[in-house]
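Enquirer: Here is what each chain is made of, one letter per residue.
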Amino acid sequence: MIVALALVLSCAGFVALALAMDRHHKQFRRRVPSRSLRLLLRAGGVAGLGAGFAACIVDSGWSNGSVLWFGILSAAALSVAMGLTYGPRDRQLAVKASPQNDRATLRSQAESLH
Amino acid sequence: MHYRLRYLPEIVADWIVVIVHRTIFADFFTFRPRKGQRSWLDAHNILGVVALPFHLMITYSGLIFYAATLMPLIVAAHYGAGQEAERAFYDELNGRTAQVEPSGVAQPLTSLVPLLARAEARWGKGHARSLDIGNPGDTQARVEVRQIKSTPLLSTEALVFDGANGELLEVKPARHSTSKTVRDVFLGLHEGLFASPPLRWLYFISGLLGTAMIGTGLVLWTVKRRQRAEKQRPASLRGLAFVERLNVGTIVGLPVAIAAYFWANRLIPVSFTERAAWEVHAMFIVWAVFLLHAALRPVARAWIEQAWIAAAAFAFVPVLNALTTNRHLGVSLPQGDWVMAGFDLTMLAFGAIFVCMAVILMRRESAKPTTLQRKRTNPIPSRLMEPAE
Numbered sequence: 014m015i016v017a018l019a020l021v022l023s024c025a026g027f028v029a030l031a032l033a034m035d036r037h038h039k040q041f042r043r044r045v046p047s048r049s050l051r052l053l054l055r056a057g058g059v060a061g062l063g064a065g066f067a068a069c070i071v072d073s074g075w076s077n078g079s080v081l082w083f084g085i086l087s088a089a090a091l092s093v094a095m096g097l098t099y100g101p102r103d104r105q106l107a108v109k110a111s112p113q114n115d116r117a118t119l120r121s122q123a124e125s126l127h
Numbered sequence: 005m006h007y008r009l010r011y012l013p014e015i016v017a018d019w020i021v022v023i024v025h026r027t028i029f030a031d032f033f034t035f036r037p038r039k040g041q042r043s044w045l046d047a048h049n050i051l052g053v054v055a056l057p058f059h060l061m062i063t064y065s066g067l068i069f070y071a072a073t074l075m076p077l078i079v080a081a082h083y084g085a086g087q088e089a090e091r092a093f094y095d096e097l098n099g100r101t102a103q104v105e106p107s108g109v110a111q112p113l114t115s116l117v118p119l120l121a122r123a124e125a126r127w128g129k130g131h132a133r134s135l136d137i138g139n140p141g142d143t144q145a146r147v148e149v150r151q152i153k154s155t156p157l158l159s160t161e162a163l164v165f166d167g168a169n170g171e172l173l174e175v176k177p178a179r180h181s182t183s184k185t186v187r188d189v190f191l192g193l194h195e196g197l198f199a200s201p202p203l204r205w206l207y208f209i210s211g212l213l214g215t216a217m218i219g220t221g222l223v224l225w226t227v228k229r230r231q232r233a234e235k236q237r238p239a240s241l242r243g244l245a246f247v248e249r250l251n252v253g254t255i256v257g258l259p260v261a262i263a264a265y266f267w268a269n270r271l272i273p274v275s276f277t278e279r280a281a282w283e284v285h286a287m288f289i290v291w292a293v294f295l296l297h298a299a300l301r302p303v304a305r306a307w308i309e310q311a312w313i314a315a316a317a318f319a320f321v322p323v324l325n326a327l328t329t330n331r332h333l334g335v336s337l338p339q340g341d342w343v344m345a346g347f348d349l350t351m352l353a354f355g356a357i358f359v360c361m362a363v364i365l366m367r368r369e370s371a372k373p374t375t376l377q378r379k380r381t382n383p384i385p386s387r388l389m390e391p392a393e
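Residue numbers (our numbering), protein chains in the order written: chain A, 14 to 127; chain B, 5 to 393.
No lab work stands behind these hints, which were simulated from the structure alone. Here a beta-carbon is modelled for each residue, glycine too, at the ideal position from N, C-alpha and C. Check each hint, because a few of them may be wrong.
[As the list claims (entries may be wrong)] Listed next, the stretches of chain A that the computed footprint assigns to chain B, with coverage defined by at least 3 CB atoms under 8 angstroms from CB atoms of chain B: (1) 34-47; (2) 53-64.
[Stated by the list, open to error] Partial list, derived from the structure: chain B residues whose beta carbon lies under 8 angstroms from chain A: (3) 54; (4) 57; (5) 116; (6) 117; (7) 202; (8) 207; (9) 210; (10) 360.
Just chain B, same shape as in the assembly (with noise of 0.2 angstroms):
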């Protein structure tokens, strides 16, 4: 769902900006906290430069997921406009043009065990990724078998069989052309779907860097305007309090519909026809919902109390799923069935986080007044706090 909202221009331009800003090499590994409008860059610059390899990565190759709807006159050129041919040139990219008319006659397909045995004899055993199974029941069936995913490349060998007598009737290779293998792994490098369970988890802290990169972000700017229009132009405060309410519904509200997403997924029936698009509406709901009370409450105290919900809603995923099915952790810790465990445990990690970020805003929510005396009677800490550049 994420690559429908087209962020990643935003993201781009985000990256220039923190590539022109010379001193993030000087302050590499600086992070000063408890410093305002200085903390807030800190982070951003480290969480920014940190995983610099992992967000060119994943927004080059996300804009070449979209390069036929970006540059669509390449394809035009030679497919002609519409749906239709960008169809024909993705079949024909993926080779699935050799694909044959059913002939209409019947004939039981032929026994899949053999094929299987002989693609696992060529790639070795539990290498086979998928069946594709084309014309079932018609003399013309053709069955594909695909190799799994175990490097950054996207495509991957796959045997083409008839379906009619077992025969193998072509090897399709992974690579065709230099062009097609670069997309490839540039694609494959995004889906991240060859990684070994580390790599799996370096994806999800660089993705976790990057969302913490663009949260800092959004706060910087808030911080930053706000000490300048209290300063100079206090009429410029309304369109600030639209963005940092914004920022809340945003950078807490969005976190607490994604919990909320899970728990659709575990209460909605499996009977329910219309479950999985209710899954996502419920998230778009919930969303909402937290995007209207930040409006309506004071700002401070809209972060303390989503914070405290999302703690809550991230924290009660692993009790829902104990409730609703009967692999819950008390069953998958104990069988080391570390998928279904680690996500419950990264669940309450979440909550954990939640808490701990709740904690920290009341704390300073209470210290407030004082904060503000020791700014107006010292002025050097005022000073430090202007922009950097």
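With the rest of the complex left out, here is chain A (with noise of 0.2 angstroms):
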């Protein structure tokens, strides 16, 4: 049962340092976060991965509980990935996303719509 806590835990650290990333804030709200919301998101996704890390000593000690907390964060991070690629909010705004929107031209969009 403390597994599936830690991999809870992993899954909502890496949801919150995704969302402190720019593509995928904008998968939520349509802007870029604001640097202390950046710098709050990154802080909180370290802590969820330092709790599952937690949980995961908790559950089969130091040995095995290291190696077991580097496969739940493979697990966790496939998740989110495939959480953001396939998640509801995701197709709504993908349809509206012009095929410009590289990775290079991403950061200069968002500063000049808002």
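Mind assembling these two chains? They're in different frames, but the hints should get you there.
Expert: Here is the structure:
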């Protein structure tokens, strides 16, 4: 059961880290996060992953728990990436996104829009 | 069998490429489907980065397994060259040199029950992994009881008993030296025998991610080159077509061969002496057949046909299990035998994945002319499909 908790905490951590990135933040709010919000999200993300590590250690001890944590990180990161791709919010915005929505132009575009 | 192919250095090379690729961290969570080459690159990046710790571990520890083969001179300098010398080195490394010569005087073996009880008193109930009996029926008989692997450390504690009178002679510690312990931890991590069921699934998923990463890399390679070749040099299409066919035979044909291995395991009678060897032969024969099939059919058709065959091959493994044994899903599920049921269900899941693959490929195949038209009339998407670097 603690393993499931570790997975949930790691997923939450990765969601926060993704929201600290311009591209994924825009999937939800249509604008880039402010500097302070970005830092807060990053700190929250790291805290989530750290809490996941703690849960793994509680569950299986230091040697097996740290191995377990790496595995859970992989599973959580993949789940978050798939959620961001195929989640309902993304599909709405993906239709509206222009074909030039390239990584390089994204930042300048965002700044010129707001 | 996988390690004999020696594709590990290739994976290392692959990883260096991925790490050098700066955008992977900017694109950490990003997958953009239905965008041709861009999607393959995204998938390749995600699959690679997400399981990066696993890949580094499995690659490096895989190299450590072959340390004596890859760097033979270090052992040869002290033990001499050749297989005999290497065996002497490993015997000493694993503490097998202490084996005693048989005396030649017969003596019945002591009862093993008290020895096992003594080991379990030391480690806990059910924590004895194996019994190793040397010189049985001799006055110099030895019984070695080994502890189960419950941590990533490969080596475990072992108790050596006198096989004649049951006396405890030696407690072999799990750790001898720091360098051997480091090696044993890496090998233990590689084998994953210590892992609890959730961790085993994570090992399995990480391994699949690695396989998928290599698969997407193979496809990406051809997608990228086909675009270039069609524009500039149609002459280079022949080599490309060869790789495209190899891709079909490897990405789908090899899984079919693995399914065939399980079929052989169920269909070849246990009484057949060379059963184990023929299970392996069945796998390679089927793989060869599917490589041939990929070579003879049009590439797009080969993908679809092999995907359907793979779906059927995996879906029938549980059926075969039900027909030939009494530990099928109808028995294992009600009994809660998750080792047996988990295997059968995983086979069904693989079957379902290949059905999805076949259906998606068929849909794309029937929609193909319109895609080509769109590409020709609209210059923007093709510009986007240029290599990212």
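Enquirer: Evaluate each hint against the coordinates.
Expert: Hint check:
1. 34-47: holds (count 3)
2. 53-64: violated (count 0)
3. 54: 4 angstroms, holds
4. 57: 4 angstroms, holds
5. 116: Result: violated, 30 angstroms to nearest chain A Cβ.
6. 117: 31 angstroms, violated
7. 202: It holds, given that the least Cβ distance between residue 202/B and chain A is near 5 angstroms, below 8 angstroms.
8. 207: It holds, given that the least Cβ distance between residue 207/B and chain A is near 7 angstroms, below 8 angstroms.
9. 210: It holds, given that the least Cβ distance between residue 210/B and chain A is near 5 angstroms, below 8 angstroms.
10. 360: Violated: closest Cβ of chain A sits about 14 angstroms from residue 360/B, beyond 8 angstroms.
Hint compliance for this structure: hints 2, 5, 6 and 10 are broken, all remaining hints hold.
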